[in-house]
Amino acid sequence: MSTSLFSSFWHRVAAVKPRLRSHVEINRHLYRGDVWYVIQDDASGRFHRFTPQAYALIGLMDGRRNLDEIWHSAGEQLGDDMPSQDEVIHLLSQLYRVDLIQTDVIPDIAEASERREKDRRSKLLAMVKSPLAIKIPLLDPEPFLNRTAGLSRWLFNPLSGLIWLCCVGWALMQAGYHWDALTENLADRVLAAENLFLIWLVYPFVKLIHEFGHAYALKRWGGEVHEMGLMFLIFMPIPYVDASASAAFTNKYPRMMVGAAGIVVEAFIAAIAMVVWVYAEPGLVRSVAFNALLIAGVSTLLFNGNPLLRFDAYYVLADFLEIPNLGSRSTRQIAYLCKRYLLAQEHEESPAYSRGEARWMVFYAIASFIYRIFITISIVLFVASQLFFIGILLAILSLYNMFGKPLFSIVKYLFMDRSMVQKRGRAALVVAVLTGLTGVLLFVVPVPRMSVVHGVFWAPDSARLMAGSNGFLETVAAASGEPVKAGQVLFISRNAELESQLDRTAGRIKELLVHYRTAVAEERQNEAGIILEEIQQARAELSRGLAEKRGLQLTSPADGIFQLALPVDPKDRFIPRGTLMGYLLQAGDYRIRAVVGQSDVEAVRNDLKGVSVRVSERLEKTIPATLVGEVPSAQKALPSAALSVDGGGQFALDPTVKERPEAFEPVFLFDLQVNNMPVSRIGERVYVRFEHTPEPIGFRLYRQIRRTLLRQLEF
Numbered sequence: 000m001s002t003s004l005f006s007s008f009w010h011r012v013a014a015v016k017p018r019l020r021s022h023v024e025i026n027r028h029l030y031r032g033d034v035w036y037v038i039q040d041d042a043s044g045r046f047h048r049f050t051p052q053a054y055a056l057i058g059l060m061d062g063r064r065n066l067d068e069i070w071h072s073a074g075e076q077l078g079d080d081m082p083s084q085d086e087v088i089h090l091l092s093q094l095y096r097v098d099l100i101q102t103d104v105i106p107d108i109a110e111a112s113e114r115r116e117k118d119r120r121s122k123l124l125a126m127v128k129s130p131l132a133i134k135i136p137l138l139d140p141e142p143f144l145n146r147t148a149g150l151s152r153w154l155f156n157p158l159s160g161l162i163w164l165c166c167v168g169w170a171l172m173q174a175g176y177h178w179d180a181l182t183e184n185l186a187d188r189v190l191a192a193e194n195l196f197l198i199w200l201v202y203p204f205v206k207l208i209h210e211f212g213h214a215y216a217l218k219r220w221g222g223e224v225h226e227m228g229l230m231f232l233i234f235m236p237i238p239y240v241d242a243s244a245s246a247a248f249t250n251k252y253p254r255m256m257v258g259a260a261g262i263v264v265e266a267f268i269a270a271i272a273m274v275v276w277v278y279a280e281p282g283l284v285r286s287v288a289f290n291a292l293l294i295a296g297v298s299t300l301l302f303n304g305n306p307l308l309r310f311d312a313y314y315v316l317a318d319f320l321e322i323p324n325l326g327s328r329s330t331r332q333i334a335y336l337c338k339r340y341l342l343a344q345e346h347e348e349s350p351a352y353s354r355g356e357a358r359w360m361v362f363y364a365i366a367s368f369i370y371r372i373f374i375t376i377s378i379v380l381f382v383a384s385q386l387f388f389i390g391i392l393l394a395i396l397s398l399y400n401m402f403g404k405p406l407f408s409i410v411k412y413l414f415m416d417r418s419m420v421q422k423r424g425r426a427a428l429v430v431a432v433l434t435g436l437t438g439v440l441l442f443v444v445p446v447p448r449m450s451v452v453h454g455v456f457w458a459p460d461s462a463r464l465m466a467g468s469n470g471f472l473e474t475v476a477a478a479s480g481e482p483v484k485a486g487q488v489l490f491i492s493r494n495a496e497l498e499s500q501l502d503r504t505a506g507r508i509k510e511l512l513v514h515y516r517t518a519v520a521e522e523r524q525n526e527a528g529i530i531l532e533e534i535q536q537a538r539a540e541l542s543r544g545l546a547e548k549r550g551l552q553l554t555s556p557a558d559g560i561f562q563l564a565l566p567v568d569p570k571d572r573f574i575p576r577g578t579l580m581g582y583l584l585q586a587g588d589y590r591i592r593a594v595v596g597q598s599d600v601e602a603v604r605n606d607l608k609g610v611s612v613r614v615s616e617r618l619e620k621t622i623p624a625t626l627v628g629e630v631p632s633a634q635k636a637l638p639s640a641a642l643s644v645d646g647g648g649q650f651a652l653d654p655t656v657k658e659r660p661e662a663f664e665p666v667f668l669f670d671l672q673v674n675n676m677p678v679s680r681i682g683e684r685v686y687v688r689f690e691h692t693p694e695p696i697g698f699r700l701y702r703q704i705r706r707t708l709l710r711q712l713e714f
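So the sequence shown is residues 0 to 714, counted in numbering that gives the first Met the number 0.
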């Protein structure tokens with residue numbers, strides 16, 4: 000409230016007789032326990048919220064009372080909350096600017112025309128500022144919706160909700176069951192030329208059903224839809240409807256249902272697409288179902304279902320929290336805090352009406368800003384990777400909208416706004432301090448730096464138990480994980496062909512011995528010599544066969560803990576000679592084979608200050624380690640499938656290689672020595688931390704941006 004009830008300009012407007020326009024409706028709402036009045040402008044589709052004090056004035060604007068009479072009448076109703084004359088003038092100007100009132104004064108045609116031209120320019124400028132989301136109104140769908148309004152009662156009722164829950168729940172279970180098939184080679188499948196064409200066809204159709212979900216939800220609770228058109232989202236034409244009429248609903252739950260209707264519809268589309276994908280044969284129908292599933296799922300997760308962007312979930316959250324205009328008011332709340340506490344602007348007022356609102360606004364402003372940066376950069380990089388020059392233009396425009404424009408507005412306010420005339424020195428000091436502090440934090444203050452990678456427990460060669468000969472595994476004589484003694488039998492295999500060969504060789508030796516004795520008795524010396532050589536060859540063959548037979552039984556070379564390296568049920572499988580059968584683990588010196596990506600290998604090689612290891616089953620314990628070696632060159636083969644994304648690791652597998660785990664991009668292998676490490680499971684994943692020289696975070700950000708540009712754009 001102003002310090003004085005009276006205004007020196009009151010005489011200019013006291014005799015004006017304002018009246019609300021005929022296309023204006025007023026609805027009473029309850030926000031966080033407080034009564035508010037929402038004025039709906041049917042002509043423009045806009046909504047405006049006013050306090051009960053403002054409504055006490057607006058409700059008296061009938062064209063018969065002049066402004067002075069309205070002020071006095073409102074004062075009798077409000078008592079101590081009576082507004083000042085300056086506040087009444089400000090309210091009148093607000094109502095006039097948004098074209099909610101008319102007066103007995105002859106309108107200024109030129110001024111009205113200028114306002115319309117200004118609105119038109121604002122819309123065009125908004126399209127230029129947001130080329131990723133351009134809206135073009137086309138038609139009024141209200142007549143069609145009126146003819147099919149009965150459909151809304153079938154779509155939105157408890158039975159339909161139960162059916163929806165069952166379908167979506169089933170689809171989620173199927174998605175989990177078929178997750179590998181759904182995500183296998185996803186990037187190549189999605190970005191294939193024929194699949195991009197299918198996405199171009201399916202996406203608008205899915206969004207059309209999505210938008211009709213909003214429209215019918217609005218009709219279900221008595222609203223109207225008077226605008227439908229096309230929105231070019233990242234240059235893809237998709238339909239939209241204007242469902243803002245839901246703001247007139249007194250109860251917040253119908254408003255939330257209208258906002259969530261598109262998400263609900265897309266989830267149901269995804270469920271139907273999952274049914275088709277699971278049961279259809281490979282072909283066009285299954286491909287269309289896969290793309291519908293991808294569109295309905297990903298768009299809901301990243302856009303419509305995410306309240307940090309101003310799409311469906313944002314309006315649902317705003318209605319749930321009962322904080323209208325959550326996004327814009329959150330930005331104003333951050334501005335208020337800066338002006339009040341940094342610039343000492345005591346006259347500034349918070350847009351929040353309670354501490355609870357203020358906390359929500361601060362949290363939402365920060366979270367939404369971070370997410371908008373993330374999603375904008377992702378979109379720009381994707382577009383730039385396909386259309387380089389368009390992506391660069393989008394990047395420049397996005398950087399301007401996210402950083403350039405706000406910074407320009409801040410500088411303009413600090414050094415050109417009238418309210419800052421007496422505080423220019425403080426403003427300059429605040430800017431200098433904040434800039435210097437930011438620079439120091441980014442480029443001067445060192446922050447601990449480390450590379451955390453995955454590795455596996457790597458046994459020495461002496462601990463490996465290898466199959467001695469070819470055979471079919473008959474018995475696993477020791478359980479994995481149990482202690483064994485030196486000489487204890489671990490595996491028994493059989494080789495029927497080897498047994499037959501041994502029998503044949505033994506029989507041949509007996510036959511040759513008979514021939515040899517006969518030749519000696521008959522003094523056929525030359526023949527006896529030849530037979531003797533054959534006997535020696537047969538005996539050597541028998542010796543090799545007996546050694547191979549002994550290799551069918553594998554024994555423990557020493558005391559230790561036995562670990563099976565074969566599949567869970569290896570019995571009756573053919574085991575070639577040299578196959579890794581298991582490990583004999585003994586407490587002592589073991590190695591860790593760590594896998595390092597391309598982004599970390601330089602620091603590991605050239606700036607290593609220390610190494611430590613944590614075993615996945617005992618994360619609370621840190622074990623010192625020493626770097627002892629590196630595989631000389633980059634490679635794609637991973638030491639274990641546990642290091643792949645599918646196994647819970649860091650590296651995506653190359654889908655074209657099936658016979659072994661091979662990373663999609665080259666990796667580097669380092670060997671670490673871990674002394675006196677307790678006996679563990681070979682192949683168990685470990686977490687390796689390479690410590691480097693502390694470094695300011697600004698240099699790291701620079702390197703990360705540079706790597707991203709090189710990887711995504713080759714720029």
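Errors might be hidden in some of the hints.
Straight-line alpha carbon distances no greater than 30 Å define the calculated DSSO-like cross-link-like pairs of lysine-lysine that follow [claimed, not checked]:
1) K657 with K635
2) K484 with K411
3) K422 with K411
4) K620 with K608
5) K608 with K484
Restraint ranges, calculated between C-beta atoms of paired labels, are given here [as the list claims (entries may be wrong)]:
6) V167 with E496: 56 to 66 Å
7) E347 with A191: 33 to 43 Å
8) P631 with V189: 13 to 23 Å
9) Q93 with E664: 31 to 41 Å
10) A546 with N194: 53 to 63 Å
11) R705 with W163: 11 to 21 Å
12) S92 with A191: 32 to 42 Å
13) D79 with I395: 30 to 40 Å
14) I376 with R96: 48 to 58 Å
15) S92 with W178: 54 to 64 Å
16) W178 with P665: 22 to 32 Å
Keep in mind the hints are simulated off the structure, nothing from the lab. Keep in mind it's a predicted model, so treat the numbers as computed, not measured. Cβ coordinates follow ideal geometry from the N, Cα and C atoms, glycine included.
Evaluation of the provided hints:
1. K657 with K635: holds, 13 Å
2. K484 with K411: This hinted pair is violated, its Cα atoms lying about 82 Å apart.
3. K422 with K411: holds, 14 Å
4. K620 with K608: Holds. K620 to K608 sits at ~20 Å (cutoff 30 Å).
5. K608 with K484: violated, 41 Å
6. V167 with E496: 56 to 66 Å: Hint holds: Cβ distance 58 Å, inside 56 to 66 Å.
7. E347 with A191: 33 to 43 Å: violated, 55 Å
8. P631 with V189: 13 to 23 Å: violated, 37 Å
9. Q93 with E664: 31 to 41 Å: violated, 58 Å
10. A546 with N194: 53 to 63 Å: holds, 58 Å
11. R705 with W163: 11 to 21 Å: The hinted range 11 to 21 Å is violated for R705 and W163, with Cβ atoms some 47 Å apart.
12. S92 with A191: 32 to 42 Å: violated, 58 Å
13. D79 with I395: 30 to 40 Å: violated, 54 Å
14. I376 with R96: 48 to 58 Å: violated, 37 Å
15. S92 with W178: 54 to 64 Å: holds, 59 Å
16. W178 with P665: 22 to 32 Å: holds, 27 Å
Checked against the numbered hints given earlier, the structure breaks hints 2, 5, 7, 8, 9, 11, 12, 13 and 14 and satisfies all the rest.
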